[in-house]
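Start counting the sequence shown at 13; every next residue gets the next number (the working numbering).
These aren't lab readings, by the way, just hints derived from the structure by calculation. Be aware that a few hints might be false.
[Stated by the list, open to error] Listed next, with one range per pair, are the computed distances between beta-carbon atoms: (1) Asp-187 / Leu-422: 25 to 33 Å; (2) Asp-303 / Gly-671: 56 to 64 Å; (3) Pro-234 / Ala-73: 27 to 35 Å; (4) Met-537 / Arg-376: 37 to 45 Å; (5) Glu-304 / Glu-876: 18 to 26 Å; (6) Pro-550 / Arg-376: 40 to 48 Å; (7) Pro-301 / Leu-450: 30 to 38 Å; (8) Asp-416 / Pro-234: 44 to 52 Å; (9) Gln-452 / Ala-431: 34 to 42 Å; (10) Asp-297 / Leu-450: 41 to 49 Å.
Glycine included, C-beta positions come from ideal geometry on N, C-alpha and C.
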Amino acid sequence: MDDRSHTFFNAPQDDWPGEADANARQDRARLTLSEAAAALGLGRAAIRDAIAAGDLQALQADSGWLITVDDLLRFSRQRNLPLPLVPWEREGFQVQARGAASSLSVPREALIGRAAEVAAVVSLLDDPAVRLVTLTGPGGVGKTRLALAVAGAMRDRLAGGVIFIDLSAVLHVPDVIPAIAQALGLRELADQDQFGQIVSYLQSREVLLIVDNVEQVIAASPWLVQIGRLADITMLVTSRSPLRVSGEREFSVPPLPLAGAQATPEELLASDAGRLFVERARTHDAAFPVDERSAPLIAQVCARLDGLPLAIELAAARTRLLSPRQLRDRLASSLPLLTSGDRDAPPRHLTMHSAVAWSYDLLRPDEQRLFRQLAVFTGGFTLDAVEWIGSSNPRRTPEAATLDRLDALLNQSLIVREAGPDGEPRYRLLETIRAFGLGQLAGEEEVEFRDLHARYFGELTQALRPLVVTEAARAPLERLAADDANLRAALTWLARRDDPAEFGALVAALSGYWLAYSLLTEADMWIARALARRERIPALDQAHLWNARAIFSGFLGNFDQAGDAFAEGLPLSRAAGNPLDMAMMLTSMGAMHNVLTRYADAEEVLDEGRTIAAAVPDPAERAAIMGRALANLSVTARSQSDFARARAMSEAALACYRGFGFDLAETRTQMDLADTARFEGDLTTMVSHYQACLAQTGERGDMRLVADAMTGIASACTEWERLQTAARLFGAAEALRERVGVGFSLPRDRGPTERSVAQLQDALGEAGFVAGLGEGRALPITHAVAIALAVTPATEAVAAITPEAPLFTRRELDVLRLLAAGHTDRDIADALFIGHRTVSWHVGAILGKLGVKSRRAAAARAVEDGLI
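Model the full structure from these sequences, guided by the hints.
Spelled out as structure tokens, the structure:
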């Protein structure tokens, strides 16, 4: 841009064009003080001060000051102000009467939700230090609608009102200034550049300038910045990417909040996404029903569309033809369904395909390629995954260019950034955007990208395998859990591609993950598919698969199959000579011998496993497998009533784990110590260890351990005559075992439990016992765990509120206050500096103690009872 605009900005204007024509109109109507202020875009006080100083001629009347247009013209020239905004035509350009309302296009439908976003943006614009705010977000998220809502909230507060400039039809940077001039009603002058006209026109006007759809002409941003620097101009821009200029404040427009997948009608209509769907559906069918059957289906449709308003509106239009169930089922391939928007909508918003294509077309070819590569990921990806799959070198080492391309996708709002389980960022394509990306894949390119995707997860699982198969630490397991959908996609692709070697290696590496999360049936299915093609799988991976088959068969109660699998795998493992794998297989065999009460056999193979474990070269891997062997020897000793040796072995296992962050291994050892205390009759110590295990396990942890811990605490409650609590915990543990598909971890545990159950049944009577079990079976897992965690020897798990025994802990009250304010678990975790899983347990405890089933009900009950 040249300096002409700057020169114009500072030059005195002695000769306004068209002034002679204006002077010829002597009978012009007079303006009130308010009208004069609005015409110049100034405040009333500025006009009043000018009159008092004698700079502006005015007539005092009963109704107040009256000013002729000629006097206003003369004053504007003396003060170097732009021409007044009054309705007359002047030679050279046209100025139109432009009240705030007439300059805005008001949408026909009311805006659903967004009150918080409107308030936040208005607050930003009210800040004197903020001159430019950019609303960013993917196509269809509602940036323009939000900008219009902000305009509606602010237009009466600004003397010059709001001016809305739509750049969606402008595709070339040189056309931006003419488009703005046209939107302002300015005609081009032969002797003045248009940018100078714009600056002159807006100078000293108190105006909110909304510039819509800037992303395709982002290089014009410096012009917008210069306009925004005018004294009384505040600028609100909408763009799929930030302008990246000094002074810009970016506001990322989020999707609409969602209801839960099993929402009631009330919960659905309380969510902005659900309400938008229903209101738009009722524009096509006024009797569109929302009931117990349709509400969860609609909630699932909105979730499938990631809460994108445009996608929800397009889906709602399909209710003329499809039921909510049909709509949900057909959204597996969403974009072809999301068409037929309103005919008066912008072309880019007629379909979701065109909305996404608008952003995709703004990318360079290498950025488009990365976008297509990332479309094969399901459920998100890490930066490491992006750098690996986006690398152009054979070793897949990171390249700076990949980061630049990822940044471009983020700027265009084609991907969103989210927090990962380890605090590191993860990225995701919203499902409608991902569907577009998959649609851009050609046949050979899809094969290439899906092969790379499977290779990446193959390498990742192999790197994590040692600590995954030993189930020593939560972090590597959570890393895999975050990519659960990607892992399934990779397995499915490799099976379809008929690549047994890669498929078998991936299945073998995931066995510990499936075991840790009690995904027993799924694991058994994948292992069976891999072993069916074992002839084409390397011997070491075959050994891993046989070990996995043995472990899962044992947990599913098929001990003959488990024994056969060990017999197949152990020779292969010995032949491979890897000490970690050999020690792992021997330890697994020892665990099975314990289950089958073959204690001499168990001790023999566990001792051999411990000896081999000492030869594992990596210190962390050696500690993990050595501790596992010792923990199983603790079970062997306890099962033979050698409780002192059992405790010693458990303590030795804990000593192995110390310093390595093996939280899961330590949790299992807490279970061993609890079981030992139980057999010794020390119920207080037992409950303490079981509760420590429950607090550490988490929602997606090993549900076998959770069931065993709840059973142990239920037995203690029976002894302490906490009969209702005992019945509920027994019922919850029973339901959990049925869900997971396993029985008791050890047969010897069954005897004491059966005696406690019989004792409880006698105490409650048949009807009370059955009712208590039924209540427990119906409890969500988080509620059941919360009840178990609240048990102490001295008080009931769910006590009445008394000054001596408050219902909630201080931490639970902190969580309850934030929950009642509408915050998510993630928000609460951030606010209280605690883990997301810890918050989930606290929420479960709160719901259990209040005897309610939903967060909304908990908030209402807490307010009603004066708890917060």
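A quick look at each hint next to the structure:
1. Asp-187 / Leu-422: 25 to 33 Å: holds, 27 Å
2. Asp-303 / Gly-671: 56 to 64 Å: With a Cβ separation near 57 Å, Asp-303 and Gly-671 satisfy 56 to 64 Å, so the hint holds.
3. Pro-234 / Ala-73: 27 to 35 Å: With a Cβ separation near 47 Å, Pro-234 and Ala-73 fall outside 27 to 35 Å, so the hint is violated.
4. Met-537 / Arg-376: 37 to 45 Å: Holds: the Cβ-Cβ distance is about 43 Å, inside 37 to 45 Å.
5. Glu-304 / Glu-876: 18 to 26 Å: holds, 25 Å
6. Pro-550 / Arg-376: 40 to 48 Å: holds, 42 Å
7. Pro-301 / Leu-450: 30 to 38 Å: With Cβ atoms ~33 Å apart, the hint holds.
8. Asp-416 / Pro-234: 44 to 52 Å: violated, 22 Å
9. Gln-452 / Ala-431: 34 to 42 Å: Violated, at about 29 Å.
10. Asp-297 / Leu-450: 41 to 49 Å: Since Asp-297 and Leu-450 have Cβ atoms about 32 Å apart, the given range 41 to 49 Å is violated.
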